Amino acid sequence: MFKHANILRSPRSVALDPLANEPIRMVLEEPSSRRLVKLRLATTVCAVLVIVAGGVIWLWGYPTQKNNPGFWHVTLVSLLFWLSVTQGMFALSCLLRVGHGSWRYPLNRLLDMSSLFGVWVFLLLPPLVEARHRIYALGSSEESDTIWRLAGPLAWDAVAIGTAYVAGWALLFLTSLPDFAILRDRSESGSKQERLYRRLALNWRGTEKQWRSLRLAEGVLVVGIIVAFVASQTVLGWDFQLAAARDWDSSIFAPLYTIGSLLGGTALAVLVMTFVDRTIRGGSFLTIRQYDNLGRVMIALGLVWFYFRWCDYLTAWYGRLPSEWLIQNNRVTAFPILAAIMVIGCFGVPVFGNMIRIFRTTRAGLCTISVIVLIGLAVQRYLDTVPTFAPNYPLAALKPTIPTMVIFAGLTALFVLTYLLAAKYIPIMSWWGTGKEGTRTATRSFGNGTVTVMVADPPVWET
Amino acid sequence: MSGPVVDIELGREEAKSPPHASTSKINLDLTRNVLDTTWKWWAVLAFFAALTGYGLLVVCYQFYEGMGIFGNRRPEYWAMPIINFVFWAGVALSGTMISAILRLVHAGWRRQLTRMTETLTLCALAVAGIFPLQHLGRNWVFFWLLPYPNERQLWPSYRSPLLWDASAISVYLATSFMFWYAGLIPDFAVLRDRTIGWRNSLYTALSLGWRGTDREWKRLRTLSGILTVLIIPVFVSLHTIVGWDFGMSIVPGWHSSIFAPYFVCGALYSGCGAVLIVMCLVRHAFQLQDYILPMHFDNIGKILFSISLLWFYFFAGDAWSDWFTNDPNHVSWLRFMFGGYKWVLSTIMFFGIVIPFSTLPFHKIRTSPWPMLMIGLCVNVAMYTERVSVVIPPAARDWLTWGDYTPTWADLSVSAAAIGLFGFLYTLLTKFVPMISLWEHKEGVMTEGDEHVDKAVLPVVIREEAIS
Amino acid sequence: MSVETTVLGLFEEIDPATAALNRLQDAERIDWRDLMVMSSVPFPEGVLEADRSKSRLPLITLIFAFVGIAVGLALAGGSFALYVLRQGAKPVLSGPPIGIISYEFMMLSALTAAFFSALYEMRLPSWRSSVYDARISEGYIGIAARCDDEENANRIENALRESGAVDIRRDHRSFE
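Protein chains in written order, with my numbering: chain V, 1253 to 1715; chain F, 774 to 1241; chain U, 22 to 197.
These are calculated hints, taken from the structure and not from any lab test. There could be a bad hint or two in this list.
[To be verified] Straight line, CA to CA, 30 Å or less: simulated DSSO-like cross-link-like pairs of lysine-lysine: (1) Lys1137(F) - Lys991(F); (2) Lys75(U) - Lys991(F); (3) Lys1444(V) - Lys1290(V); (4) Lys1228(F) - Lys1461(V); (5) Lys1290(V) - Lys1676(V); (6) Lys1444(V) - Lys1651(V); (7) Lys991(F) - Lys798(F); (8) Lys1075(F) - Lys1461(V); (9) Lys1461(V) - Lys798(F).
Just so we're clear, the structure is a prediction, and the values are computed from it rather than from any experiment.
In isolation and in its complexed conformation, chain V is listed as follows (with noise of 0.2 Å):
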């Protein structure tokens, strides 16, 4: 029978949460020594990398790798594929926040922060595309098909991808704002963390007409973002697609490598989960719910890879036309161990590993196949492009070497990199969010069951 107790419970309940404050917490105060060794050496390694693969590029491969397309090739695909898995990332919270996933409120600044790459992706991409083409150009004349060509699909892919990059800032600043009011009414007064976060809060008070328009930024940032995140990795699918010189014209690789880049997104967002889950202290929001969510999610998305996948190789195995299927069939034949590493990567382990319970519940298990379902897509991107350039170019010149492998070590450093600064000023979790969600449900006894009774959220374009 009805009784007056709420189901909304206070937020003076949930500020009072311990597991709701360790985030706010980890950024006010000083880590304990033990922990900032460990930051601090985990920073520098990061940081050697990354400068160590800068000089590899520029000091070494400018120079003296004129002649070698396979380096710059596999440099570019590398920081593609970096920008890829980490726009699947923001774009991943996105569709969680339209899908109401009521799991999703300790994952949103987690996968959020994760735009914060696009700083790397603006610094390096528009050099190594101009390097690339200054060195050698796709059997097309130099001007043609440069970056400042706006009718080609390079100016698009600025365009595409920097709006993306840019509406998920937008979005991880506006959402912080209730979290910088709270660290800057928590920070000692008149410190430099108050003053930073006085700056950041923008006079944020929790009126209702500033939660009103929070929401319908976040609802309009979180379509606009769906959106480019589409463009872009589309627009980046049709840089093959469109290059006509190659009788590539697959007309599937841009909703192809759409999938792969929510993919690849979701598995560095159980990497990047876990690794928060086993820093905060005390435990946190994230339960094995967010696992087993996110393992199913990754079902999803392999199964429609791989559909993807075999629609391209069906329609040019099935046709036979000469060009087509010397492309497709030199990507198995040429590179059989490579091919299976994708296939497995991307369909094989995701799926099958992710039925089975015990993967998709554990931390081991699914920080696993995580790691697998990354290998796969990066080898998913070599091998699209390798076989284009095989009948021009001699293949041994196209395989990576350690060189090209340092420089991926030094972008997996960035993103690691992005991660730990963001960490220092942003709280990883969301406090309001994960507030939010603590707020809207309540455990009822039901017959001689429990069941959980939630608020059914309105959709997030609604305020």
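Start from chain V and add chains F and U according to the hints.
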């Protein structure tokens, strides 16, 4: 983080639900379409029967006169029959999408729609399945396509996408029937308990002795979970294979790797439009205004809008790469679209893009049943025309063409008769099957409620367990 | 003289039905095989569940999925090998079509097996007269307990009455 244990009253408040909402009232309302028959039902049935009968006569005439009465000719050897087949197979995707995908994402509002959309699937599939037989030259020996030992020393070639098609359609028909029937068993039990005479005998047989024991419900829940998860790849593969009927050929304009997802998306699009049509008509015909709410139209409208964007993405992606690369092998079909078939392109653009994009973003339109019916009709007109644009222009290549393809009276008659057959089957089924799933609706009423906080009324729901 | 009978109680609300079921299970120590809950609506998992039998549905679905693959392989591959039909330079057996047909038959087999084994586990069809009350279709919750003597039957009746049953009767029809 779990909150305190609270007691809240579950069950819709009176303002939002039928007055004195009790199980008996729900049973009465939702079995009305089965137990009460008005002259209007007979009139509608007779109309569709007449249309179907006319189509049957045309088919008999085709047996007598030959395939020449249709507009098929070189090079457009595949025309209206296959267009009809692809269209109706597409409409058939809708029911499973609503039931399976929405169940997977725990959308509680699906409960009132699952039955009518699953019925839509079965009827559309029955109509679609007739066209591969109808478009054979010698339809009366269609059984030669079946794999049984014979003296012809010929065996169906499974290398052909047409055989994959036959398998996929059969599998989907069988599995969607099982999906439909499994959900019907508890409702047949209610009808058994509420009827006498021949109806009681019929529903006693159909309900299989269902009593609603906890064991039966547990097994039904497990079965529903398995069917839900497995039927999604089945319906995706159905329309994928239909797309491969074209995609596997090397005809420019057909040979495109995106055809499979493009067809699946188009199928979902037309299916969603058909769902809107059926929702509106069933709601009006059987006075189900208290059960099929504006909220349902709103949600289907949002899904339709998302699918329209996705469909446009695939459509544009397919056309774009051909246009941009200007590959002479691929661009010829586009020339037709801007040439002799520009009415086709304009229809698709107007009904499939302009109208949905300009109406669906508005809440007021999305929550109004009759405008949504019109939008559903527009979407289906667009998707039918889109199938025309896929089938005809690529086949009508530059050489040996005698003008543009035009359908004959026989083509149009058979197309109209397909609508007649669908209407006939659906109308007939409304007399035997409750159009809203009784047990699902009652489950929704039991697990959803309203919480009053301050001046707001918050909808609360029991969290459904994930399908494990 | 022991005569098997079933005591059926009808409840209007969930809580009294729950109380009755708990009392029958705990206090009266009725085995779960002799208890049955009947309703026209499925309850959330764990609520008003007496049955503890294990379901083999997922396993059977998986087994028959493999059977379906075998059938598909035999049909699309085996039959090609038996009735060889040369088509130009194409191989007699080709992978992707066999794969597609195997996939379709895998799904057909798995789903059909799931459907029929669910019916089997539900013990349907069962057209013989069994313990039931048509008012269950009208929203009543039925709690049925099987017993084999008068004393137990009386105890069960008392438990149901004290828990708030609106109607109690004895049903001599088949329990399952």
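Are the Cα atoms of lysine 1290(V) and lysine 1676(V) separated by 30 Å or less?
Holds, because 14 Å separates the two Cα atoms, which is no more than 30 Å.
Check the hint pairing lysine 1461(V) with lysine 798(F) against an upper bound of 30 Å on the C-alpha distance.
violated, 44 Å
Going straight from one Cα to the other, do lysine 1075(F) and lysine 1461(V) come out at no more than 30 Å?
holds, 27 Å
Pairwise hint evaluation, lysine 991(F) against lysine 1137(F), where the allowed Cα distance is 30 Å at most
violated, 41 Å
For lysine 1228(F) and lysine 1461(V), compute the direct alpha-carbon distance and say whether it is at most 30 Å.
holds, 18 Å
Would the pair lysine 75(U) and lysine 991(F) pass a check requiring their Cα atoms to be no farther apart than 30 Å?
Since the Cα atoms of lysine 75(U) and lysine 991(F) sit roughly 10 Å apart, the hinted pair holds (cutoff 30 Å).
Agreement of lysine 991(F) and lysine 798(F) with the hint, judged by alpha carbon distance not exceeding 30 Å
holds, 26 Å
Taking 30 Å as the top limit, are the C-alpha atoms of lysine 1444(V) and lysine 1651(V) close enough?
violated, 50 Å
Lysine 1444(V) and lysine 1290(V) were given as a pair; does the straight-line alpha-carbon distance stay at or below 30 Å?
holds, 24 Å
Figure legend: structure checked against the earlier numbered hints; hints not met, in rising order: 1, 6, 9.
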